[in-house]
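Those sequence lines, one after another, are chains U and S. Under this note's numbering, residues 14 to 283 are what the first sequence spells out, in order. Under this note's numbering, residues 14 to 283 are what the second sequence spells out, in order.
Quick caveat, the hints were computed from the structure, so don't treat them as lab data. If you're wondering where the values come from, they're calculated on a predicted model, not measured in any experiment. Wrong hints could be hidden among the right ones.
When chains are identical, the list treats them as one kind, so a pair holds in a single copy or across two.
Stated by the list, open to error - PhoX-like, lysine-lysine: derived pairs with alpha carbons at most 25 Å apart: (1) Lys85 - Lys165; (2) Lys60 - Lys258; (3) Lys85 - Lys186; (4) Lys165 - Lys270; (5) Lys212 - Lys91; (6) Lys142 - Lys117; (7) Lys186 - Lys78; (8) Lys60 - Lys85; (9) Lys85 - Lys230; (10) Lys165 - Lys60; (11) Lys212 - Lys186; (12) Lys186 - Lys60; (13) Lys142 - Lys85; (14) Lys142 - Lys165; (15) Lys258 - Lys230; (16) Lys142 - Lys212; (17) Lys165 - Lys78; (18) Lys78 - Lys212.
2 protein chains.
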Amino acid sequence: MCVPGCQEAVARQLSRRSLFKSAAATAAAFSALPVAGAFATTTSFSKVVDLTHVLDPSFPTFFGKPQLEIRKLFSFEKDGFNLNEWVVNEHTGTHLDTPFHFSKDGPSAEQLPIDTLVVPLAVIDVSAKATANPDYQLTAEDIAAYEAANGKLPPGAAVALYSGWDKLVATDKFRNADAAGTLHFPGFHPDVAAVLIEKGASGVVVDTLSLDYGASKDFAFHYKWLGSGHWGVEAASNLGTLPAKGATLVVGGPKIKGASGGPSRVLALV
Amino acid sequence: MCVPGCQEAVARQLSRRSLFKSAAATAAAFSALPVAGAFATTTSFSKVVDLTHVLDPSFPTFFGKPQLEIRKLFSFEKDGFNLNEWVVNEHTGTHLDTPFHFSKDGPSAEQLPIDTLVVPLAVIDVSAKATANPDYQLTAEDIAAYEAANGKLPPGAAVALYSGWDKLVATDKFRNADAAGTLHFPGFHPDVAAVLIEKGASGVVVDTLSLDYGASKDFAFHYKWLGSGHWGVEAASNLGTLPAKGATLVVGGPKIKGASGGPSRVLALV
Chain U
14 MCVPGCQEAV ARQLSRRSLF KSAAATAAAF SALPVAGAFA TTTSFSKVVD
64 LTHVLDPSFP TFFGKPQLEI RKLFSFEKDG FNLNEWVVNE HTGTHLDTPF
114 HFSKDGPSAE QLPIDTLVVP LAVIDVSAKA TANPDYQLTA EDIAAYEAAN
164 GKLPPGAAVA LYSGWDKLVA TDKFRNADAA GTLHFPGFHP DVAAVLIEKG
214 ASGVVVDTLS LDYGASKDFA FHYKWLGSGH WGVEAASNLG TLPAKGATLV
264 VGGPKIKGAS GGPSRVLALV
Chain S
14 MCVPGCQEAV ARQLSRRSLF KSAAATAAAF SALPVAGAFA TTTSFSKVVD
64 LTHVLDPSFP TFFGKPQLEI RKLFSFEKDG FNLNEWVVNE HTGTHLDTPF
114 HFSKDGPSAE QLPIDTLVVP LAVIDVSAKA TANPDYQLTA EDIAAYEAAN
164 GKLPPGAAVA LYSGWDKLVA TDKFRNADAA GTLHFPGFHP DVAAVLIEKG
214 ASGVVVDTLS LDYGASKDFA FHYKWLGSGH WGVEAASNLG TLPAKGATLV
264 VGGPKIKGAS GGPSRVLALV
């Protein structure tokens with residue numbers, strides 16, 4: 014059974030199926046790449062930063078319909094303890110996208126080794142560009158500018174796109190839908206996938222609802238990046254409080270068999 | 014709607030209500046204590062250890078009935094991407110118990126600050142005692158022996174009870190129910206709650222299905238420990254691979270509003 018509103022979202026999604034299938038054929042050109050743990054040496058930190066939004070049934074979703082229902086099964090007053098069950102879509106709140114989300118047989122959540130989810134974090138600030146142009150797509154030039162200022166991306170890094178969109182989460186500007194229903198928020202340009210693969214990155218992080226920019230019609234970055242064995246985190250918070258380099262990302266993703274992703278506790282060790 | 018088998022579990026649980034309510038009255042003597050972040054200084058690590066079991070619908074549960082249903086909403090072959098939704102009980106798999114689970118108004122999952130979930134980890138090995146006696150309860154003497162060998166528990170520590178039960182997860186011996194349905198696995202003795210509170214611990218970890226030992230009839234440790242503002246992790250794995258002291262625990266718990274707990278990614282930085 015769907016959560017409230019899910020049927021409409023599914024119906025809407027169904028109309029995109031031919032689109033997805035065509036893009037999937039393109040992604041097939043990418044072979045699955047193993048991701049590898051990045052820590053051969055000692056890592057230090059003195060502060061923990063929570064990159065996770067509070068999730069409740071009203072949290073905005075890509076399809077615009079609720080993706081979480083919380084059912085109270087027991088209450089302290091009546092039963093002596095509190096306990097709920099959830100009906101939750103894997104792609105809700107601050108969450109993990111696994112390779113399996115956009116591939117036929119890429120690793121699902123339980124198959125990503127833990128040391129590929131605890132990795133050096135590079136934060137690329139495109140907030141000024143995204144404020145000026147909500148359809149901004151992070152480019153290879155942004156990666157080059159980051160490396161010119163901060164040095165090469167470390168092996169196995171996660172690359173975060175900081176747009177400042179997390180501050181909009183309680184407003185309609187988070188989805189930023191126009192009259193036709195097209196969303197307008199920043200994301201990774203599809204051409205960046207090959208650049209990050211060449212540089213050995215493990216994952217990417219966005220503070221928006223999608224790795225691709227909101228107006229994408231083909232989810233091309235998803236197919237290229239996830240389809241080549243890498244992971245992503247969507248709807249992260251607080252990226253703007255982090256240093257451009259030197260933090261360590263911890264993706265506390267679900268270890269549920271066959272999961273294409275799932276709500277996660279995401280944090281940075283600084 | 015319950016997951017398959019849930020109705021029976023609920024019916025069984027209902028018969029425990031008077032028991033829970035009586036124990037709750039006892040717990041009311043404990044006032045809510047704030048938990049506090051433990052890192053004023055730099056912490057280092059060179060290895061990440063996953064303490065999380067793979068979770069699927071067959072994962073054993075305290076009540077003996079499935080607590081996870083996975084519903085495939087989209088598949089790559091048909092739709093161009095994979096996506097599921099879950100119906101999941103908050104206390105399933107390797108998971109967090111919040112203070113709210115056994116209190117009227119203690120902090121729920123989204124109210125636990127992240128720096129109270131990333132803390133020094135003390136591992137107390139009672140595996141020999143638990144093998145000899147599945148009803149073994151970790152005592153104040155075990156804490157004293159740990160401190161004699163390893164020094165005082167650090168401020169804000171999590172204290173893990175390592176019994177070796179994680180190796181039994183695929184067998185009936187994990188629940189170890191007798192003919193009357195009583196479970197037999199080790200846990201924390203209720204008197205240890207006051208000891209850990211006095212020592213300033215933040216959380217506890219077990220590799221079994223309950224913080225209390227399986228045969229507990231009153232969940233007294235739950236009420237005393239969670240009811241006083243502390244958290245627990247149940248059904249952890251791999252505790253036996255960790256050093257007795259020096260590791261840092263990361264509880265990647267859900268940040269879901271009002272959650273009494275939830276499946277979590279739990280790991281150790283060593």
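Verification of the hints:
1. Lys85 - Lys165: So Lys85 and Lys165 fail the 25 Å test inside a copy (49 Å) and across (40 Å) alike.
2. Lys60 - Lys258: both (14 Å within a copy, 20 Å between copies)
3. Lys85 - Lys186: neither (31 Å within a copy, 30 Å between copies)
4. Lys165 - Lys270: neither (35 Å within a copy, 39 Å between copies)
5. Lys212 - Lys91: So Lys212 and Lys91 fail the 25 Å test inside a copy (56 Å) and across (33 Å) alike.
6. Lys142 - Lys117: Classified as neither; 35 Å inside a copy, 47 Å across copies.
7. Lys186 - Lys78: within (15 Å within a copy, 43 Å between copies)
8. Lys60 - Lys85: Close neither inside one copy (35 Å) nor across copies (39 Å); limit 25 Å.
9. Lys85 - Lys230: Cα proximity of Lys85 and Lys230: across copies only (23 Å, versus 38 Å in one copy).
10. Lys165 - Lys60: Intra 24 Å, inter 23 Å, cutoff 25 Å: intra and inter.
11. Lys212 - Lys186: neither (33 Å within a copy, 47 Å between copies)
12. Lys186 - Lys60: Neither: 31 Å inside a chain and 41 Å across chains, both beyond 25 Å.
13. Lys142 - Lys85: neither (44 Å within a copy, 38 Å between copies)
14. Lys142 - Lys165: within (23 Å within a copy, 52 Å between copies)
15. Lys258 - Lys230: neither (32 Å within a copy, 52 Å between copies)
16. Lys142 - Lys212: Close inside one copy (24 Å), not across copies (51 Å); limit 25 Å.
17. Lys165 - Lys78: neither (40 Å within a copy, 51 Å between copies)
18. Lys78 - Lys212: Close neither inside one copy (37 Å) nor across copies (47 Å); limit 25 Å.
Checked against the numbered hints above, the structure breaks hints 1, 3, 4, 5, 6, 8, 11, 12, 13, 15, 17 and 18 and satisfies the rest.
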